[in-house]
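Going down the list, the protein sequences come from chains A and B.
In the working numbering, each residue carries its 1-based index in the first sequence increased by 23.
In the working numbering, each residue carries its 1-based index in the second sequence increased by 331.
Because the hints were derived from the structure by calculation, they are not lab data.
Predicted, not measured: the structure shown is a model, and the values here were computed from it.
Hints are not guaranteed to be accurate.
[What the hints assert, rightly or not] Sample of chain A residues with no beta-carbon within 12 Å of chain B, all distances over it, derived:
# : residue
1 : Phe27
2 : Val132
3 : Leu185
4 : Ser187
5 : Glu189
[As the list claims (entries may be wrong)] Distance ranges between label pairs, derived from CB positions:
# : chain 1 : residue 1 : chain 2 : residue 2 : range
6 : A       : Asp261    : B       : Gly365    : 32 to 42 Å
7 : A       : Leu160    : B       : Thr510    : 47 to 57 Å
8 : A       : Gly180    : B       : Thr510    : 54 to 64 Å
9 : A       : Gly180    : B       : Ile643    : 22 to 32 Å
We treat Cβ as the ideally placed atom computed from N, Cα and C, and that holds for glycine.
Here's the letter readout for the chains.
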Amino acid sequence: MNAFTRFASNRGAIVGLGLLLLLVAVVLLAPLLYPQSPWRMVGRPMGAPLAGSFLLGTDTLGRDVAAGIVHGARVSLLIGVVSTVVALLIGVPLGAVAGYFGGLIDDLVMRFTEFFQTIPSFALAIVVVAILQPTLLSIVLAIAIVSWPPVTRLIRGEFLSLRSREYVQAAITVGQSTPRIIFTQILPNTLAPIIVMASLMVATAILLESSLSFLGLGDPNLMTWGYMVGAGRSRIIDAWWISFFPGVAIFLTVLALNLVGEGINDALNPRLRKEDRK
Amino acid sequence: MDLLRFVLMRLGKGVIVLFAIAVLNFFLVRAAPGDPAQVMAGEAGAGDEVFLDQLRQQFGLDRPLYEQLWAYLSNYATLDLGFSYRQQQPVLDLILERLPATLLLTGAAFFISLVLGVVLGALAARRVGRWSDSAITTLALVFYATPLFWIALMSQIVFSLKLGWLPNVGFETVGGGYTGIDRALDIIQHLIMPALTLGLFFTAIYARMMRASMLEVAGADFVKTAYAKGLSPAVITRRHIARNAILPVVTLAGLQAGQLVGGAILTETVFAWPGIGRLMFEALAQRDYSVLLGVFFISSAMVVIFNLVTDIIYRIVDPRIGASA
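Work out the full structure: start from the sequences and follow the hints.
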């Protein structure tokens with residue numbers, strides 16, 4: 024069995040992939056489904072789901088909850104993916120340098136990484152966003168700052184073990200330059216664990232973003248799921264749906280990403296999978 | 332003695348971490364848009380020229396950057412974390428007042444998640460492939476993906492507003508006038524929901540980890556030996572597999588102290604639990620940056636101390652760690 028068929032035979036992974044494709048479709052179709060701004064008042068405040076013409080009801084200011092969810096999907100995915108890419112851009116080079124060169128450089132990089140792993144990450148994210156003022160940029164930056172350390176540790180470990188492989192030793196012997204060895208010999212072989220980790224990181228980043236905007240640290244110009252849950256909090260007794268449905272959206276998205284990530288992991292590491300089944 | 336040297340070394344490391352966080356705080360204040368004095372004064376104090384001048388003088392804001400850094404660090408070294416103009420109290424006093432509630436909440440959540448996670452994970456591993464395993468694995472997957480603040484809100488609706496089983500918010504009944512045992516029971520009633528919702532996410536992590544760890548240890552040679560010498564499966568699971576499998580779970584749990592503190596900010600906000608997380612949320616709403624940075628510093632200190640304690644306990648409990656490190 025190759026990796027693709029192994030992935031396809033994993034029920035959870037297929038469910039996750041289906042959910043994810045649905046989400047992407049929603050994001051792409053948002054301008055068609057709900058062409059109006061999600062901030063616009065379109066109906067009676069706190070209308071129950073299905074009671075009027077609104078599938079998921081309206082919020083305290085008469086805004087359509089479904090429209091908010093559809094538009095919020097774009098923000099969640101965007102922040103999740105971009106902050107993961109930024110975290111990889113910080114984490115991969117650091118881990119590569121530490122693992123390849125070892126010695127003092129490795130020591131320094133790992134101390135630095137440990138420092139960031141010790142700090143309570145959510146508190147750091149809050150402080151960074153609050154002080155730099157909540158904007159799309161500061162939120163992405165804060166999430167990236169707290170997400171890169173595990174990447175560095177992973178890549179360092181991979182580089183440490185791959186460095187001593189014969190094909191890398193051979194490349195050193197024939198006189199390939201260090202950057203060339205790093206980029207063309209070792210890095211491509213770390214791609215599989217990076218992909219697995221990245222998909223799980225997008226899930227964590229989405230959770231982190233929603234937690235920040237729940238606390239009121241979202242970009243004030245963007246409708247986000249976390250903001251919707253937080254905004255519905257004060258009227259939770261009479262209008263539970265305002266907070267309920269955005270939360271379900273976060274849950275399904277994060278679940279889907281975790282399922283897909285694990286599916287890829289199992290597909291790429293069949294040996295581990297077999298042990299798991301025993 | 333070896334242990335003493337180890338403790339001193341780890342203490343030194345902890346101090347360096349806290350020093351670095353103080354430096355980080357210093358530069359964060361400078362990274363904020365606007366005058367550092369106004370940032371430190373917060374929204375409430377930014378209009379008071381006398382207070383601003385006092386801050387400028389105290390932190391030497393007209394002098395070179397390294398002197399400012401020195402002034403800032405010396406304040407932190409004496410645990411002077413600044414003054415909250417809004418609350419008219421030193422930041423440290425505000426935090427210390429709220430710290431016990433947070434310690435109670437995070438401690439309870441840590442204990443619940445570790446015990447539940449280990450038990451559920453071990454159960455799933457023993458019944459691998461059967462329906463109870465699938466149920467536990469699925470539940471773990473679900474709680475791992477559920478936003479903490481959302482599940483806190485939802486349990487608030489269900490268990491307190493609809494069913495009326497547990498108190499809605501707060502630390503104890505206001506004006507209840509309870510003392511002694513009654514007061515403790517009252518606080519525990521208020522603690523159940525925040526601690527459980529905070530612990531669920533971590534329970535999910537530990538259950539998954541424990542299950543994987545049990546399955547891994549179950550394939551080890553010494554387990555085969557145990558079977559070969561005729562021990563009963565129950566004894567092998569309990570004494571040979573679970574005991575070894577629990578180590579990586581406890582290590583992970585120790586490393587996640589910081590995450591627990593982060594989760595406490597959300598839980599305390601939802602349940603109006605009077606801890607430092609709630610204080611952080613209030614400071615956020617009032618743009619009281621000194622309090623914000625102070626809470627960040629103290630919660631980091633909490634994590635450093637927690638890691639230090641777990642490291643020392645490990646050294647004593649498991650001598651193998653000392654030999655390898």
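Comparing the hints with the structure gives:
The claim that Phe27(A) is not at the interface with chain B holds, since no C-beta of that chain comes within 12 Å of its own (minimum 23 Å). Every Cβ of chain B is farther than 12 Å from the Cβ of Val132(A); the closest lies at roughly 15 Å, confirming the non-interface assignment. At roughly 23 Å from the closest C-beta of chain B, the C-beta of Leu185(A) stays outside 12 Å, upholding its exclusion from the interface. Taking the minimum C-beta to C-beta distance to chain B, about 21 Å, the non-interface status of Ser187(A) holds against the 12 Å cut.
With a minimum CB-CB distance of about 28 Å to chain B, Glu189(A) clears the 12 Å threshold, and the non-interface call stands. For Asp261(A) and Gly365(B), the Cβ-Cβ distance of about 40 Å falls inside the hinted range of 32 to 42 Å, so the restraint holds. For the hinted restraint 47 to 57 Å between Leu160(A) and Thr510(B), the CB-CB distance of approximately 53 Å keeps it satisfied. For the pair Gly180(A) and Thr510(B), the supplied restraint of 54 to 64 Å holds, since their beta-carbon distance comes to about 56 Å.
Between Gly180(A) and Ile643(B), the C-beta spacing of about 27 Å keeps the proposed range 22 to 32 Å intact.
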